[in-house]
Amino acid sequence: MSLPTVLVLGGTGPAGICLLRELLHRKHKVVAYAKTPSKVPEDLAADPLLEIVKGELSNNQALATAVAKCGVVVSLLGPQLSDKSMDPSVLPRFYKSSLFPAMRQHGVKRVFAMGTLSIVSPEDSWSILLPAMVMFVRLLSSGTYRTIIGIGETFENEAKDLDWTIFHIAGIPGESDNKSWARDREDGKTFVGWIGEKGHTYSQKRAALSRWLVNAVEGGLQDWVLSRPHKIIPPNTGIAIGTMSSNNNKPIKVRQRRAHTRSRMGCIECKARRVKCDENRPICQNCIRINKVCKYPPVQVPLRERRALERAGAAQPWEHAPWDASTSSKQLEVPNTQSLTHQLIVAGSKKNLDCLAINMPLKSHELFHYFYQPGGSASALSSDRHQRRMAHIISDPHALRSAVLIAATHFGFNFGNIKSFEQTFYFHTLETVRLVKEWFAKGDYTLCAPITKQMALLAYTEACRGDHQMAEKHLNAIYALSRYREGHKATGGTILDQKLSDRYFLITSTFIHGATTALEFLRRPIGFTETTTSSASLTGTPSISSWHIADDRGQYFHSVTLNAIREFPVTFNYSGDIFQDISVARVLPGLRVLTRNFYDGYSKTLPRSAYQIQHDFWQSEASAMLYEGFIEAHKSSVPKGNKTPANNIDEDKQKTSWVGLSIATELYLEQIVVLWRPFTRDNYLHTMRILQRDLSYALQKPNAPQLADLLFWESFIAVISLQVHKMQGDLAHDRGIKLYFEEFAREQSRVLGLKTWKDVKAALLRVVWPCDFTDDDYVKGIWEAVVEYEAV
Numbered sequence: 001m002s003l004p005t006v007l008v009l010g011g012t013g014p015a016g017i018c019l020l021r022e023l024l025h026r027k028h029k030v031v032a033y034a035k036t037p038s039k040v041p042e043d044l045a046a047d048p049l050l051e052i053v054k055g056e057l058s059n060n061q062a063l064a065t066a067v068a069k070c071g072v073v074v075s076l077l078g079p080q081l082s083d084k085s086m087d088p089s090v091l092p093r094f095y096k097s098s099l100f101p102a103m104r105q106h107g108v109k110r111v112f113a114m115g116t117l118s119i120v121s122p123e124d125s126w127s128i129l130l131p132a133m134v135m136f137v138r139l140l141s142s143g144t145y146r147t148i149i150g151i152g153e154t155f156e157n158e159a160k161d162l163d164w165t166i167f168h169i170a171g172i173p174g175e176s177d178n179k180s181w182a183r184d185r186e187d188g189k190t191f192v193g194w195i196g197e198k199g200h201t202y203s204q205k206r207a208a209l210s211r212w213l214v215n216a217v218e219g220g221l222q223d224w225v226l227s228r229p230h231k232i233i234p235p236n237t238g239i240a241i242g243t244m245s246s247n248n249n250k251p252i253k254v255r256q257r258r259a260h261t262r263s264r265m266g267c268i269e270c271k272a273r274r275v276k277c278d279e280n281r282p283i284c285q286n287c288i289r290i291n292k293v294c295k296y297p298p299v300q301v302p303l304r305e306r307r308a309l310e311r312a313g314a315a316q317p318w319e320h321a322p323w324d325a326s327t328s329s330k331q332l333e334v335p336n337t338q339s340l341t342h343q344l345i346v347a348g349s350k351k352n353l354d355c356l357a358i359n360m361p362l363k364s365h366e367l368f369h370y371f372y373q374p375g376g377s378a379s380a381l382s383s384d385r386h387q388r389r390m391a392h393i394i395s396d397p398h399a400l401r402s403a404v405l406i407a408a409t410h411f412g413f414n415f416g417n418i419k420s421f422e423q424t425f426y427f428h429t430l431e432t433v434r435l436v437k438e439w440f441a442k443g444d445y446t447l448c449a450p451i452t453k454q455m456a457l458l459a460y461t462e463a464c465r466g467d468h469q470m471a472e473k474h475l476n477a478i479y480a481l482s483r484y485r486e487g488h489k490a491t492g493g494t495i496l497d498q499k500l501s502d503r504y505f506l507i508t509s510t511f512i513h514g515a516t517t518a519l520e521f522l523r524r525p526i527g528f529t530e531t532t533t534s535s536a537s538l539t540g541t542p543s544i545s546s547w548h549i550a551d552d553r554g555q556y557f558h559s560v561t562l563n564a565i566r567e568f569p570v571t572f573n574y575s576g577d578i579f580q581d582i583s584v585a586r587v588l589p590g591l592r593v594l595t596r597n598f599y600d601g602y603s604k605t606l607p608r609s610a611y612q613i614q615h616d617f618w619q620s621e622a623s624a625m626l627y628e629g630f631i632e633a634h635k636s637s638v639p640k641g642n643k644t645p646a647n648n649i650d651e652d653k654q655k656t657s658w659v660g661l662s663i664a665t666e667l668y669l670e671q672i673v674v675l676w677r678p679f680t681r682d683n684y685l686h687t688m689r690i691l692q693r694d695l696s697y698a699l700q701k702p703n704a705p706q707l708a709d710l711l712f713w714e715s716f717i718a719v720i721s722l723q724v725h726k727m728q729g730d731l732a733h734d735r736g737i738k739l740y741f742e743e744f745a746r747e748q749s750r751v752l753g754l755k756t757w758k759d760v761k762a763a764l765l766r767v768v769w770p771c772d773f774t775d776d777d778y779v780k781g782i783w784e785a786v787v788e789y790e791a792v
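First residue of the sequence shown? That's 1 in full-length UniProt numbering, and the numbers climb one at a time after it.
Treat the hints loosely; a few may be bogus.
Cut-off 25 Å, straight-line C-alpha distance, at most; resulting in silico cross-link-like pairs (BS3-like, lysine-lysine) [unchecked claim]:
hint, residue 1, residue 2
1, K499, K604
2, K499, K701
3, K69, K96
4, K54, K27
5, K604, K437
6, K499, K437
7, K271, K29
Since the hints were made in silico from the structure, they are not lab data.
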């Protein structure tokens, strides 16, 4: 039988040289693809069976030439622990965009690739050394760890039509010279199986590894091949390589079936495959890894518990009809928070979240369980706060529906799509729209806050799905509602209702504004030149859920966004306490750092272009930190438990309203450091109305004199912004708002004694302002027009 020609990648390293020696020793024709051919020893380079093709990883033409000459590919490519500068996406991208297409083009099906113990499999056995070794690599060189993980994911997701095997190595000592290779290749037997099984060790000589690899090339190693797309035999093509202990005289087994661990509550797929399910609803990690549909069997509730639930069913809080205590002299027994939560998740009762829809109850329960399961997405709170949140959400039908929508949004952002819960998501969305229409028809102004809450929720979920055009329409409806309310004398509603409405709008609009800005700059490098406010396609969610996933900065941004989504039910289902002011120190220091790093004024010798600055900002952790600070500041303004705001003036003097500071920050990012995309007209006007109300409240507070600098800064930035939007025609239907802010800035200038532009700039710098602002003359002219003072 003729021996296959083998293409060796990474053949200039010690392990690669050992592999070349083994292949040539066994009379294989070998093609070595190398960046630096001179690293191949002279005795090997002179062998007529070896052909060396010079080329970089990015040279697809040279790589295709090498692949065309081979029948099997063996890759020893991997990152170096000492190389801190290597891009973790280089090797995964090489496999996906260069090697795999070349193999398909020339009909090469078989590939062996090197991996490490960082690529884990559910079939691996636990050992005390494994997590320690992985954590050591992750801490010592996170780039190395991310590269290996990326290689594993690339093979599993992108090479389903190829026959591939990833062999896992740990320590591979040994030299590559001819004498050491000849000695070490006889060093013990090679273990083949799952990590942690009997006989597995964490060391294998390079020469012995090379001998095993050539055996695998010649024998095919068919038991560890991805035979066809979506079918893996065994369930993972990654195998562990190690030296078998000397006292193990049993024959080598390619696969050793482990005893099945019981998983009573596991999914149907894991039970069929006889692997332990992690029972992570709605999709377990095993099904995610092998791209299978994850389904759980119906929960069997014991008879005694079913009867108890049926008795409590008459008082289930998610019924549309409110409880009527007057229909019976005997009050219904309402279960406590923990009992009610448990009922919601596991109950098999006929009365459920969406009794009018088919096949919806179980899916709604699964989503709610996914979001509020212990240790899950929304449980990172103290026990008391978690119980208060659950008590409110479960006891209110609208809050409960909102929580399910948020759960679906979180799931879609986390996993890339909501196909498993698409019908459930649309059902609750349509029910929310129907509810809003009913409230609008009533003409009851006391419902403005609930309507705004539901519209903001719809806008937020659409933005997370990628449909920014629909999200903007929902926000515009909120603005129209506000204008309609102002045009009629309302007899209902409270200041708290107005504040709630303002916060619902701000949190949602800020997320949408930031998301569209981020996507605009992230898509431009790959050919997108337009903004992303157009109607989304079906792939909208993957684009928004995969921001910067390839590096640490992106993972941080991703985790911050998921955390923000988790906190939305707290805001949308607010219990009605008075909001507290936030510490100025939570926001201003971060803004000063942002200004210093992302504003290039006249003092910079080599200033960056505006586009480069914006691109750097959205590609850095700063954008995520800004959004995290926005959410955390809001959370700090929500009272916790029975705590009441402090009345001490000294404690309050460095505190201000979250609403005003947040809006002023957005305007600062839009007009001064220019990192924010321009507001749309309707949302801008509504935002400015909110700022107007907030500044009016601020003047009535006892600590207003201590906040004079901050109030002037907020009002003056608003004046600058209004001047720009006036020239764009955005103020045609709301001219009075500009007069209000000009009067406010004029009054604060008088309070602070600002006589010259030098005084004004000093006041702005005390808050946050670029020291080398390039448009000083322009804003100076705006201030002079406001105060009607001509500088000498």
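Checked hints:
As the CA atoms of K499 and K604 are separated by approximately 42 Å, the hinted pair breaks the 25 Å bound. Note on K499 and K701: the hinted pairing holds, with a Cα-Cα distance of about 16 Å set against a maximum of 25 Å. Between K69 and K96 the CA atoms are separated by roughly 20 Å; this keeps the pair inside 25 Å, and the hint holds. Taking the CA atoms of K54 and K27, the gap is about 22 Å. The hint holds against a cut of 25 Å.
For the hint linking K604 to K437, the alpha-carbon distance of about 55 Å lies beyond 25 Å, and the restraint is violated. Distance check on the hinted pair: K499 and K437 sit about 22 Å apart at the alpha-carbon level, within 25 Å; holds. Between K271 and K29 the alpha-carbon distance is near 46 Å, which puts this suggested pair outside the 25 Å criterion.
Checked against the numbered hints given earlier, this structure breaks hints 1, 5, 7; the rest are met.
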